[in-house]
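Protein sequences appear in the order of chains A and B.
Add 119 to a position in the first sequence, counting from 1, and you land on the number used in my numbering.
Add 10 to a position in the second sequence, counting from 1, and you land on the number used in my numbering.
It cannot be assumed that every hint is accurate.
Below, simulated SDA-like cross-link-like pairs (lysine to any residue); rule was C-alpha separation at most 25 Å, straight line [stated by the list, open to error]:
no.	chain 1	residue 1	chain 2	residue 2
1	B	LYS15	A	VAL162
2	B	LYS137	A	PRO169
3	A	LYS309	A	MET400
4	B	LYS80	A	LEU279
5	B	LYS137	B	VAL276
6	B	LYS106	B	PRO129
For the record, the hints were derived by calculation from the structure and aren't laboratory data.
Spelled out from the first residue to the last, the chains are:
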Amino acid sequence: MEFRSSTDSLVMEQDGVYSWLENQRYLWRIRWGLFAGKLRWFVGEIIGHPSALTGGMVMLLYIAMAILAPYLAPMSPYDGALTSRLLAPAWISGNWQHVLGCDGVGRDLLSRIIYGSRLSLVVGLTAVGFSLVVGTSLGLVAGYFQGRLDNVLSRFSDLLLAFPYLIFAIFVMAAIGPGITNLIVALSFKGWVEFYRLVRGQVLAEKTKEYVEAARLSGQSDWSILLREILPNIQPSLIVLATLRLAHMIVTEASLSFLGLGVGPRIPAWGSMVNAGRDYMLSAWWVSTFPGLAIMSLALATNMFGEGLRDILDPRLKIE
Amino acid sequence: MRWAKIVERMLLTVPVMLGVAIAVFLFMRLTPAADPVDLMMGDAGHVSQAEIERIRQEFNLDKSLPIQLKHFLTGLARLDLGMSITKRAPVGQLIKERLPATIELAGMSFLLALAIAVPIGILSAVKQNSILDRLSMGVSFFGLSLPGFWLGIILIMLFSVKFGWFPTAGRLSYDVHLTEVTGFYLLDSLLTANPQALVSVLRHLFLPALTMGATMAATVARMIRSSMLEVLRQDYVTLARAKGLPEFMVIGHHALRNALIPTVTVVAIQAGGFLAGNMIVETVFGWPGVGRLVVEAILRRDFPLVQGAVIIFAFTFIVMNLLADILYTLVNPKISL
Chain A
120 MEFRSSTDSL VMEQDGVYSW LENQRYLWRI RWGLFAGKLR WFVGEIIGHP SALTGGMVML
180 LYIAMAILAP YLAPMSPYDG ALTSRLLAPA WISGNWQHVL GCDGVGRDLL SRIIYGSRLS
240 LVVGLTAVGF SLVVGTSLGL VAGYFQGRLD NVLSRFSDLL LAFPYLIFAI FVMAAIGPGI
300 TNLIVALSFK GWVEFYRLVR GQVLAEKTKE YVEAARLSGQ SDWSILLREI LPNIQPSLIV
360 LATLRLAHMI VTEASLSFLG LGVGPRIPAW GSMVNAGRDY MLSAWWVSTF PGLAIMSLAL
420 ATNMFGEGLR DILDPRLKIE
Chain B
11 MRWAKIVERM LLTVPVMLGV AIAVFLFMRL TPAADPVDLM MGDAGHVSQA EIERIRQEFN
71 LDKSLPIQLK HFLTGLARLD LGMSITKRAP VGQLIKERLP ATIELAGMSF LLALAIAVPI
131 GILSAVKQNS ILDRLSMGVS FFGLSLPGFW LGIILIMLFS VKFGWFPTAG RLSYDVHLTE
191 VTGFYLLDSL LTANPQALVS VLRHLFLPAL TMGATMAATV ARMIRSSMLE VLRQDYVTLA
251 RAKGLPEFMV IGHHALRNAL IPTVTVVAIQ AGGFLAGNMI VETVFGWPGV GRLVVEAILR
311 RDFPLVQGAV IIFAFTFIVM NLLADILYTL VNPKISL
């Protein structure tokens, strides 16, 4: 934050010399320099942290897979041929057209897994994003202004915490029915509470510190203090929490799909693929195993990346 | 003084429970998909208006929302959770019948998790940075990301289907007879002195308990390790060593007791999650517990049953959290609630 005030004064001093546009260009160059410096530091830290690097790379791989699914998938994920029903993986059956084999209706498993990454990531990222925005905004306001709103929100979050996460999500899905939007609703309905509690607690601690007092004395408004002073200071823990929650939401979405509470049966979802494979446990182990491996590796990678971020950005959190 | 705090903490759970009940009720009533009349009449074909009115009256649906809520809450106070639509039986009765199976599985998972986690946590801390430490922490990190349903299926495919060591589903083999006394099969087989049944029950319990306990074992092992590491650096541990106490006494008596304090809370809360019916594990292993009852109820859209079970789950969870807090103050006199 300190750079903002220094550049502001710099602009003021040289007001007469530079035109407005040149001022802006100068400002942005400084901002970009600071940002690039931070980015360089961050990338360096990540590279020096093997598990964060591995986790991050695997995550990127899955994201690329989700975006490029139509180009990467060798077959259609929706249509199967009955002749290739429960076809074994290539190294067993020798049929290299279906590398990971086929499911109970003859659909190519690899293609379905590639397409399945879309649902997992879209639902996971949206639900985390939604929870992050809602929880952070409410936490900032409740922690800073306290009062009645804080009371109401805190009681409400206590109420939501009385439900185990998965049971609550199952309950909401059961009531509102299947669908991608509904999955996101079910996961975020309780998901914001973790962000709310973290932010509220940190705001309560931060607002007694000197820099907030200084900002107030210099005449900054409450909102400006919240958004420009406090928020940047709690940003590292937010990023860490968001990453770790992403892993949790991916597994929860898979659990809901597994129970048949996700999206319709046609859309490839890793959880429902594992469930479909239960019928063939005796004869075709691959149908359940590979989609499960996909869930686990993505969740593991996200957790590794999150823990790495915690070591890098917020070492205080390490002491549990 | 401490007891007054504990009583106060207990009283504080009452409004939360009330809030939970009201929230669940409102959620169900405000969801159009959960209209009981529609659900009951789903497959019945043509139903006369008079019949619909009669059912609406029977379920108090013709009254206003506050009066419905009052009926619901007074019912709840009398432990009456309403009637299941598909099973035509009181919800409370249905849950009570399934409860022993769930408690038995939860208890077994709990014991198994602790049996795995405590030694691993201690050893990893004592031999910090050894191969054993790195390996077990790696495995436990793995365990944290493992989806329970998939682990269950893999265990079944490996140990039941391939090796045939354990049964794939259920609580008891069909060819084994067991007289039910309490509904807890382990206890029943002991009470009726039936070793054949005992073996069968244990074999049926093992895989689901392992699946359920795996995540908890991973969490607890990591917690014990980190709090042990913290404690082992303290002066009183150095003093105990300087006194010439044997190492197992230093670790077992002085360090472990203090290291367990922060673990107690985590363990109790996890146990609450267990008891709140593990729907996933019960579904995978065909375990006839409350969790599977609820999953079936959801798939058949039996909302009174879902509603009742969710309330029971939340209450159990609240009570276990309460116990965790109380236990924490009891083992750690420094903390007041």
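*Is the Cα-Cα distance between B:LYS106 and B:PRO129 25 Å or less?*
violated (36 Å)
_Holds or violated: B:LYS15 and A:VAL162, Cα atoms, limit 25 Å._
Roughly 49 Å between the alpha carbons, so the hint for B:LYS15 and A:VAL162 is violated.
_Would the hint linking B:LYS80 and A:LEU279 be met if the CA-CA limit is 25 Å?_
With a Cα-Cα distance of about 22 Å, the restraint between B:LYS80 and A:LEU279 holds, given a limit of 25 Å.
*Quick one, are B:LYS137 and B:VAL276 close enough, alpha carbons at most 25 Å?*
Holds, at about 24 Å.
*CA of A:LYS309 to CA of A:MET400, is that 25 Å or under?*
violated (34 Å)
*B:LYS137 and A:PRO169: Cα distance at most 25 Å?*
holds (23 Å)
In summary, the structure is inconsistent with hints 1, 3, 6 from the numbered list given earlier, while agreeing with the others.
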